[in-house]
Amino acid sequence: MKKHVSLICIILIALMGVVAIAQAEQSKYSPVLGEIPTPSKEYRIGVLVKTLINDFWLDLANGYKDAAAEYGVKVDVYAAPSEGDILVQKQILDDMIAKQYDVLCVSPITDTNLLSPLKKATQQGIPIINVIDSYISPEAQEKHGIEIATFITTDFVEHTKSAVEFVAETLGEEGGEIMHIMGLPGNPSAEERKQGYLEAVAEYPQLENIGVWPGDWDRKKSMDVAADVLQSHPNLRAIIGANDTIALGALQAVKNAGKEDQVVVAGVDAIPDAIRSIMDGELLCTVAFFQYQTAYTAIEVALQILEGTFDESNKQLKLSQEVWHAGNIEEKVETYRSQYTGLKDF
Amino acid sequence: MMKFIKHSTFWKNYIGLLFAIILLSTLLTLTASNFLDTANFVNIGNQIAINLIIAVGMTIVITTGGIDLSVGANVALTGIIAASVLKKLEPGLESAMVSIFVGIAIGMLIGIINGTLITRLSLPPFIATLGMMITVRGVALIYSNGRVVYGLHENFLNLFSGFYGPIPKPIVVAAVVCILGIFILNKTIVGRYAIAIGGNERCVEVCGINVNKYKMIVYAISGSLAAISGLTLTSMMNAAEPIAGNLYELDAIAVVVMGGTSLTGGKGSVIGTLLGALLLGIVRNGLNLMQVQPYYHQLVTGIIILFSVVINSIQSKSSS
Chain C
2 MKKHVSLICI ILIALMGVVA IAQAEQSKYS PVLGEIPTPS KEYRIGVLVK
52 TLINDFWLDL ANGYKDAAAE YGVKVDVYAA PSEGDILVQK QILDDMIAKQ
102 YDVLCVSPIT DTNLLSPLKK ATQQGIPIIN VIDSYISPEA QEKHGIEIAT
152 FITTDFVEHT KSAVEFVAET LGEEGGEIMH IMGLPGNPSA EERKQGYLEA
202 VAEYPQLENI GVWPGDWDRK KSMDVAADVL QSHPNLRAII GANDTIALGA
252 LQAVKNAGKE DQVVVAGVDA IPDAIRSIMD GELLCTVAFF QYQTAYTAIE
302 VALQILEGTF DESNKQLKLS QEVWHAGNIE EKVETYRSQY TGLKDF
Chain P
54 MMKFIKHSTF WKNYIGLLFA IILLSTLLTL TASNFLDTAN FVNIGNQIAI
104 NLIIAVGMTI VITTGGIDLS VGANVALTGI IAASVLKKLE PGLESAMVSI
154 FVGIAIGMLI GIINGTLITR LSLPPFIATL GMMITVRGVA LIYSNGRVVY
204 GLHENFLNLF SGFYGPIPKP IVVAAVVCIL GIFILNKTIV GRYAIAIGGN
254 ERCVEVCGIN VNKYKMIVYA ISGSLAAISG LTLTSMMNAA EPIAGNLYEL
304 DAIAVVVMGG TSLTGGKGSV IGTLLGALLL GIVRNGLNLM QVQPYYHQLV
354 TGIIILFSVV INSIQSKSSS
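Those protein sequence lines, which keep their order, are chains C and P.
Count along the first sequence starting at 1, add 1, and that's the number in this note's numbering.
Count along the second sequence starting at 1, add 53, and that's the number in this note's numbering.
The hints are simulated quantities; they were obtained by calculation from the structure and are not laboratory data.
Worth double-checking, as some hints may not be accurate.
Examples of chain P residues lying across from chain C (beta carbon under 8 Å, computed) [claimed, not checked]: (1) Asn87; (2) Tyr203; (3) Gly204; (4) Asn291.
It should be emphasised that the depicted structure is a prediction, and the values quoted were computed from it without experimental measurement.
The beta-carbon is built from N, C-alpha and C at its ideal position, and this holds for glycine as well.
Modelling step: build the complete structure from the supplied sequences, incorporating the hints.
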């Protein structure tokens with residue numbers, strides 16, 4: 002009960018402050034979409050996210066609800082108890098289909114766990130929007146008789162590219178040795194971010210890529226890896242972490258080795274911990290990719306689909322992202338404070 | 054003379070592990086230029102400390118024929134609670150002490166609950182601690198709301214991280230825990246009974262010894278050591294995460310078994326565990342130094358764990 006009350010409070014606060022800002026910021030994301038039609042009736046949109054126990058999905062849920070309030074449609078947000086509950090998520094979707102929503106926005110926990118209910122939804126003619134993760138590929142869609150209207154996401158390859166770009170700018174002409182600590186090998190977003198790193202470093206001759214090590218999304222493991230690499234490559238200049246947790250672990254190793262002045266560390270995700278570290282002048286930068294706006298856009302796309310104005314050739318919509326660093330961090334936190342749970346404490 | 058013989062059999066138990074460590078070190082000295090370097094040894098020590106602290110407790114548990122799968126979750130929960138307590142108090146040495154006390158108390162409590170489930174409710178240790186592993190992880194997630202607690206003050210950080218002279222504090226903590234573990238297992242009544250219970254529980258019971266009491270103590274020790282590990286980790290990282298310590302139980306079990314402690318109980322060695330942790334630490338360090346492709350790390354680590362366990366089993370067969 003307490004959780005519900007606080008959730009409602011968060012939503013209310015968000016509602017009060019956010020709408021104006023969301024409107025102002027919206028221009029940045031809407032060009033790909035064109036005009037958002039006014040709904041001809043009060044549509045019911047069913048949203049299924051992975052879970053609501055972490056800030057990322059909570060921000061997403063807030064984006065959905067704020068957009069729904071803004072456009073005057075009804076949104077129900079469902080979630081599995083944790084990211085491990087793949088079967089529970091499937092059962093929830095089964096129940097949701099019985100409720101006959103006008104559109105479904107789904108973020109499957111794995112790329113296979115929701116296939117059978119999604120097939121049922123397709124048979125009933127309910128439009129489906131696939132949001133952020135996990136991606137139901139066109140091959141899987143065809144094989145299982147599923148039709149996904151569009152996939153709204155962020156470009157994971159681009160995340161690390163932006164980080165490398167900023168590091169290259171920071172190091173300047175001189176450049177130097179650079180490394181990547183990736184997430185869990187085999188994990189799709191870890192692989193995509195690794196790919197982004199490799200593509201980006203190839204574009205800067207002054208950056209010498211010394212390799213990719215596994216950090217498994219784990220802070221301690223990433224610290225250990227960074228400590229070892231600092232040992233084998235004493236002239237290292239930059240570390241790109243596949244996420245902020247990895248970057249902060251690596252940063253700890255850099256501090257332990259007393260090489261803060263020599264090595265810069267960059268992360269991805271813009272978690273509060275990383276933002277604090279940037280403010281303290283330790284972490285160089287992080288990449289924010291706007292999950293709140295992603296959900297907001299999903300509702301707009303849903304409206305376009307329902308009113309028949311959606312450009313159906315748009316099978317994938319990738320939203321923008323930004324590098325947050327010491328130079329702009331205060332301003333970014335100020336701008337996005339009302340939309341992101343993790344920024345409220347700053 | 055007696056002492057010499059005792060000494061030589063002592064080393065004989067670990068000949069396989071020592072051989073593997075020496076072989077691997079030689080290999081790494083030849084191929085990775087920075088392996089043979091004081092700074093690198095400090096690195097390895099720092100890296101194995103967390104696992105070693107947990108593994109000492111695990112050694113005693115496994116000696117009784119039990120297992121403790123809840124240690125990884127224990128690391129996360131004690132870290133989260135200690136860090137939260139710390140954040141609520143005024144910075145100072147006293148509050149650091151309070152948070153450490155609370156952390157260890159929580160860890161011990163988890164151990165006592167494990168012990169109660171196993172002794173009073175007769176659950177198999179595997180199931181009891183598996184259930185506790187999931188429950189404790191859940192509590193850590195709920196308590197922290199899935200968030201990282203970070204930015205802890207110096208008084209706490211200085212207790213477990215940083216250096217005593219040239220030696221990092223995590224290594225000192227691990228060394229103290231190891232000595233304590235050797236003492237408990239070999240010189241105290243708890244250790245004696247742990248070995249006896251693992252050997253033949255029924256027999257110990259018939260002798261009129263309160264088996265349940267000693268099992269409880271053993272799980273409480275394991276829980277407390279996991280808590281110390283959690284506090285050390287939190288202070289090393291200057292952050293407590295609800296997902297910290299993921300799969301640490303398996304790392305701990307691996308090094309315990311590599312060290313020659315028998316999973317069926319009755320035989321345990323903290324020195325073996327120390328050598329096992331050292332070998333695993335050197336393997337991981339070597340993989341990083343030699344820039345092995347990320348995909349191969351798990352394969353190599355797995356093979357080395359299997360290799361050293363096989364050597365152990367061949368050895369114990371030939372000696373019996």
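Each hint, compared with the structure:
no.	hint	verdict
1	Asn87	5 Å, holds
2	Tyr203	5 Å, holds
3	Gly204	6 Å, holds
4	Asn291	7 Å, holds
In terms of the numbered hints stated before, the structure departs from none.
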